[in-house]
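Visitor: Protein chains in written order, with the working numbering: chain A, 1 to 295; chain B, 1 to 390.
In short, the hints are calculated from the structure, not lab data. This structure is a prediction, so every number in the text was calculated from the model and none was measured. Where is the CB? At the ideal position from N, CA and C, for every residue including glycine. One should not assume that every hint holds.
[What the hints assert, rightly or not] Computed list of lysine-lysine pairs in DSSO-like fashion (alpha-carbon distance at most 30 Å, straight line):
| hint | chain 1 | residue 1 | chain 2 | residue 2 |
| --- | --- | --- | --- | --- |
| 1 | B | K362 | A | K146 |
| 2 | B | K99 | B | K147 |
| 3 | A | K189 | B | K384 |
| 4 | B | K384 | A | K287 |
[As the list claims (entries may be wrong)] A few chain A positions that, by computed beta-carbon distances, are all more than 12 Å from chain B:
| hint | residue |
| --- | --- |
| 5 | A90 |
| 6 | G101 |
| 7 | T117 |
| 8 | S288 |
[To be verified] According to the in silico footprint, chain A covers these stretches of chain B (three or more CB under 8 Å from chain A):
| hint | segment |
| --- | --- |
| 9 | 61-74 |
| 10 | 99-109 |
| 11 | 116-126 |
| 12 | 160-169 |
| 13 | 223-237 |
| 14 | 262-274 |
If you want the building blocks of each chain, they are given just below.
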Amino acid sequence: MSILVNKDSKMIVQGITGSEGSFHAEQCHEYGGNVGGGVTPGKGGQKVLNGQVPVFNSCLEARSETGANESLIFVPPPFAADAIMEAADAGIELVVCITEGIPIHDMVSVYAYLGHTSTRLIGPNCPGLLTPDEAKVGIMPGFIAKKGTVGVISKSGTLTYEAVHQLVNVGLGQSTCVGIGGDPIIGTKMTDLLALFEEDSETNAVVLIGEIGGSMEIEAAQYVRDHMKKPVIGFIAGLTAPKGRRMGHAGAIVSNADESASAKMAEMSKCGIHVVDSPAEIGDSVKSNLASLHV
Amino acid sequence: MNIHEYQAKDLLASFGVPIQRGKVVDKIEDVETVIDEVATEYEASQFVVKAQIHAGGRGKGGGVKFSSNKASALENAKTILGMNLVTHQTGDSGQAVRKIMITEALDIESEFYVAITLDRVTSRHVVMVSTEGGVDIEEVAANTPEKILKEWVVPGFGLNVFQARKLAYGLQLDGDIFKQTVSILMKLFKAYEKSDANILEVNPLVITKQGKVIALDAKINIDDNALYRHKDIQEMRDIHEEDPMEVEAGKYNLNYIKLDGNVGCMVNGAGLAMATMDIIKLKGGDPANFLDVGGGASVETVKNGFRIILSDSSVKAVLINIFGGIVRCDRVANGIIQAVSELDLSVPVVVRLEGTNADIAKDLLNQSDLKLLTAGSLEEAADKVVAAVV
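Based on the provided sequences and hints, a complete structural model is requested.
Guide: So this is what it looks like as structure tokens:
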């Protein structure tokens, strides 16, 4: 089992005729994912990926022609918000937006728009999802992962790869790896994914990787305390990050939460998450936690 | 991107927000003329001289001076223009004052705090007001959070007038002052929305003895990702307010932040870069910088990264930590070898490449004539670089 993506997932790629879009569409396809089509407005009728994959003008057309339930977005930042909403309007169930640099005011609209649909957004500005040996909807390097029972949730890109690599080195595979993105507004938060992993019958433990800034890790920690039985191993990057040079006070007073790495680590420990101080100990810590559970 | 008070006030004025009026000057010899202009145009007999730097806390740092007449304004202007202003937000090194604003002095009856920003928890914009204007608002938020009133804006609807009224009633206002405040709150939100601001703060919004509501100060930060649709705001950028090395790094699409330690770091990805700094510290070292080289790590990227790291003379060793996902490690290794051989480095360099073709990359590095130390794991890399600092 896994969460959100599996061998039955059928995806389209929005922005498939761009250099990144076509490159990663091919990578997803080679990994075994089912890339049914792509969308680039005005380029409908073309075929890409050695003439195997049709391009459509709209998501609606792409969905009705291919039956896709997932969309991967590489559309440039000025047009990405619109692309996410178009996918939701077409009834795509899972939208993964890789695009970095979407204006925050655009994302406020997207978040509100999605609230009226049943579409789940992962990202933006994220590496996407990978269910080892089944499918990837994103840009994670597939070869580093291995099928198994550890769920991975991370705000970061390459630090996720580091964690996955450490897991594989200690002999542990992953059920699904999810890079949620580190932007101020993201579609799917840590708590949502913790719930999915808790329900997933083949996930035995979860790795939760956060960063300084925001209060999502605090909410996630409290969710673990109140709702989870599976062990959660956590790391927060940024213990040595300098305090941002700020202007004014609004950022500090909007939430009273302490957004530093140390405050997050403390709250996570208090809520029963196994927090590692060193990013080099993620794999070992998961292994010892699973060993103590005899699973 | 941050903008100066005078720029923020111009922006607010263009949305109809009443502001404390004034003029900007950047040369000592022009100060007198500008004071005269402010006196005539705004019928001012008393003035305020205000340092124009991005950081807050200017008043406490001595960068804002009330001047009861022209002579005193002239004297204060001479002190402030060109001074190195240190506030709790500039850091110890302070910030040079290159421009000052000479404004009219207002007769202040009372002061409020107003700010608009994104609430990450609800993913909505929030308008906040407090009667505790002018004082340390962060202390108010920590100790008496009930004194900060908030209204969340429903996306697509803008701030509703009833919400502005709720806030103004919450400030205990009535009569004409109430009406002026409601109108100003509406205009402030419009300015925030139309200019793609991350933060818009008016601290304080004042009521004058003459019964006018006026923005005495304004701080605005614009979303960098939205600058492409605001050519006018792009022109407000003042690179003197930014760290020169960070500006230089930005030219090469590198994200660099200088720190106080002596171990330079070059990493791909912000999260891994922070984690690398963290483990250096855990091993007893002290990171000299944050440097995210992004996904590619080409010869040019690595070279530019080295140049920027080594421009900091306190750097005694460098750790390169690249997790090659899509980018192959052997290519990165060749890039590093070429960059290092062309640059003639005098400090030890530890290289840790992991991911696609990591083994080939390690062989390439070990076979090169360069004195590169290689490491397999993150742990080993951190140990080696900390040991390499003498």
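Visitor: Would the pair K189/A and K384/B pass a check requiring their Cα atoms to be no farther apart than 30 Å?
Guide: Roughly 37 Å between the alpha carbons, so the hint for K189/A and K384/B is violated.
Visitor: Taking 8 Å as the C-beta cutoff, is the stated coverage of the segment 61-74 of chain B by chain A satisfied by three or more residues?
Guide: Violated - the segment 61-74 of chain B has 0 residues with a Cβ nearer than 8 Å to chain A, which falls short of three.
Visitor: Does the segment 116-126 of chain B contain three or more residues whose Cβ lies closer than 8 Å to a Cβ of chain A?
Guide: Holds: 10 residues of the segment 116-126 of chain B have a Cβ under 8 Å from chain A.
Visitor: Against chain B, does G101/A keep a CB gap of more than 12 Å to every residue?
Guide: Violated: least Cβ distance 5 Å, not greater than 12 Å.
Visitor: Can the segment 160-169 of chain B be counted as covered by chain A under the rule of three residues or more with Cβ-Cβ separation shorter than 8 Å?
Guide: Three-residue rule not met by the segment 160-169 of chain B, so violated; n is 0.
Visitor: Are the Cα atoms of K362/B and K146/A separated by 30 Å or less?
Guide: Given that 30 Å is the threshold and the Cα spacing comes to 23 Å, the pair holds.
Visitor: Do three or more residues from the segment 99-109 of chain B put their C-beta atoms closer than 8 Å to C-beta atoms of chain A?
Guide: Result for this restraint: violated, n = 0.
Visitor: Taken at face value, is the distance from the CA of K147/B to the CA of K99/B at most 30 Å?
Guide: With Cα atoms ~35 Å apart, K99/B and K147/B exceed 30 Å; violated.
Visitor: Three residues minimum, CB to CB under 8 Å: does the segment 262-274 of chain B make the cut for coverage by chain A? Let me know.
Guide: Check passed, 7 qualifying residues.
Visitor: Does K384/B pair with K287/A here, judged by a C-alpha cut-off of 30 Å?
Guide: Given pair K384/B, K287/A holds - Cα atoms ~26 Å apart, limit 30 Å.
Visitor: Taking a Cβ-Cβ distance under 8 Å as contact, does the segment 223-237 of chain B have three or more residues in contact with chain A?
Guide: holds (count 5)
Visitor: Taking 12 Å as the cut and beta carbons as the points, is S288/A off the interface with chain B?
Guide: Given a closest Cβ separation of 16 Å, the condition holds.
In the structure shown, a violation is registered for the earlier hints numbered 2, 3, 6, 9, 10, 12, in ascending order.
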